[in-house]
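Engineer: Okay, here's what each chain looks like letter by letter:
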Amino acid sequence: MDFSKCYRFARGFSLRRESFGGILYHYEGKRPDPRLYFIDSPFLIGLLELLEEGPLDELIAQVRAHFHLSDPQVASIREFLTTLASRGAFVAQ
Amino acid sequence: MLRNNAITSVLRGAGLSAPITVTWEVTNRCNLRCVHCLSGSAPDADTSAELGLEEAKAVVDQLAAARVFQIHFGGGEPFVYPGFMELLRHALARGFCCLCISTNGALLNERRIAELEAIGGIYLQISLDGATEASCDAIRGAGAYRRAVAALERLRGSSIVRTVNFVLTRQNAHELDDMHALAGRCGAILRVTRLKPSGRGAEMYTSMRPTQGQLATLHRWLTGHPDVLTGDTFFHLNPFGGTALPGFQFCGAARMTCLITPNGDVFPCAFTQQEHFLAGNLRQENFQHIWEHGEVFNALFRKKEGDACSACPAFEGCGGGCPAVKHALTGRLDIPDPDCVLETARAGIDSAPLCHG
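Chain order of the listed sequences is A and B. Heads up: the first sequence begins at 31 in the numbering used here, then just goes up one per residue. Heads up: the second sequence begins at 499 in the numbering used here, then just goes up one per residue.
Simulated from the structure, these hints should not be mistaken for lab results. Hints may contain errors.
To give an idea of the interface, some chain A residues facing chain B are shown, with a C-beta separation under 10 Å as derived from the structure [to be verified]:
id	residue
1	ARG41
2	TYR55
3	ILE90
4	VAL121
5	ALA122
Even for Gly, the Cβ is constructed at its ideal location relative to N, Cα and C.
Let's have the full structure, built from the sequences with the hints guiding it.
Structural biologist: Okay, structure coming up:
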C-alpha cells in the first residue's frame with residue numbers, strides 16, 4: 031500500500047460511528063453476507079472519516095499529533111490499513 | 499478492533515445507533531401461497547393500506563439518513579410491488595451499496611435480470627424448499643420449483659450474487675446434500691434457514707417442525723459445510739457441541755436488524771408481527787426515532803440477560819435462542835428456546851412440548 035497517496039473507500043465499504051467507536055461494513059459482492067469490522071479506537075475512526083482529505087501519511091501524522099499516539103499505535107494503524115487495502119477497501123484518488 | 503466478547507456485549511446490550519440490515523416487506527401480495535409463509539402472503543392479499551411508491555422512497559431516505567447499511571426487500575413477492583425497480587434505483591442513488599431481494603424467482607425474466615444487473619449492488623435470494631419438484635411444490639405450490647430453477651438458469655451468465663434459500667422442515671431435512679448440489683449447479687450459494695411459527699407457518703408448525711434428530715444432523719452438516727449460509731438462524735443449536743456455527747450467537751432483532759411491514763409498521767423482526775411487538779409506524783414517526791426509542795425494542799429485546807437461560811453454561815453459545823419462536827409457541831420470552839438442545843435432552847423427548855398461551 032502506498033501511504034503517500036490519497037484514497038477513498040471502494041464501493042461496498044461504508045463507515046458509521048457508534049458509541050463504542052464505529053462499524054466498517056464491507057459488502058464483498060462475491061459472498062452475500064457482509065463483513066463487519068467493529069472498531070473501538072477513536073483515532074482509527076477519525077482517520078477513516080478523513081480518508082479523502084489527503085495522503086494517508088499526512089492523515090496519520092495529523093491523527094498521531096492530535097491523539098498523542100505512540101509508535102506501536104501508529105504501527106497498528108498502518109497494519110490495519112494495509113489489511114483493509116488487501117481486501118479492496120481503498121481506491122486511489 | 500473490538501474483541502468478540504466485547505462485540506457481543508455491545509450488541510446484546512443497548513445495540514447500535516441504527517440497524518446493520520433492515521428487512522422490508524414491501525407488499526403482502528404474492529403470486530404464490532406457500533403453506534409456511536412467514537407473513538401469510540397470497541395473490542389476493544389486501545394491499546390498500548400499503549405504502550405507495552413515494553412514501554416508500556421517503557422511507558428509503560430515512561434509512562439512508564440513519565446510515566443503515568443494507569436493505570433486505572421481501573414480501574410477499576417484491577417484484578409485484580408497483581414501482582419496485584424504481585424504488586431500487588432510488589435506494590442505490592441514496593448510497594446503499596447492497597440491496598438484497600428475497601424472491602420466488604417467477605418474475606425474473608431476462609429483461610428484469612438485465613435491469614437488475616445494470617442497477618448493480620443487487621443480491622438475490624431465490625426460495626426453493628425442496629431439491630425435487632415434488633418436495634418443493636408440496637410446500638410452495640404447483641409450478642414453483644420449475645419457475646425458480648428457470649430463474650436460476652437465466653441468472654447463470656449474470657454477475658448478480660444469488661443464494662438459494664431453503665427453509666428446513668421435517669419433510670425436506672433429508673435433502674440437504676441435494677439442495678447443496680442443486681445450488682452449486684445453479685451458480686448460487688445455499689442458504690438454509692429455520693422454520694418459524696409466524697404467518698401460515700404458525701398453522702403448519704407442528705407438522706413441519708424438524709425433529710431434534712434432524713436438527714442434530716443439520717448442526718453436524720453445517721459445521722462440515724462452511725460455504726453454506728444460515729442468516730444466523732441456527733445459533734440455538736450450538737449446545738449440540740463441537741465447532742460453533744459461524745456468525746452471531748444471539749438474536750439480532752432490535753439490536754442489529756428490524757422489520758418494516760407493507761403499511762410502515764416497525765417490528766423487531768419478520769417473525770414478531772404481532773400488536774404487542776409493534777415499535778411504531780413510519781407514517782407517524784421517523785425511523786431513527788422508532789429505532790432509538792421504540793419501547794418494545796428497549797424493554798423486551800435490548801437486554802443483556804437471557805432470563806431463564808442466563809445461568810446456563812451454554813448461554814454464550816446460543817444466547818437463549820429465538821424470542822419469536824418462544825413467544826409464538828408459549829406466549830413467553832423468559833424461557834429457553836422450544837428447540838433448546840439441553841432442555842429436550844433433559845426431558846428425554848424428541849421435541850419440546852408445544853404449549854400455546
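Engineer: Tell me the numbers of any earlier hints that the structure contravenes, in ascending order.
Structural biologist: 3, 4 and 5
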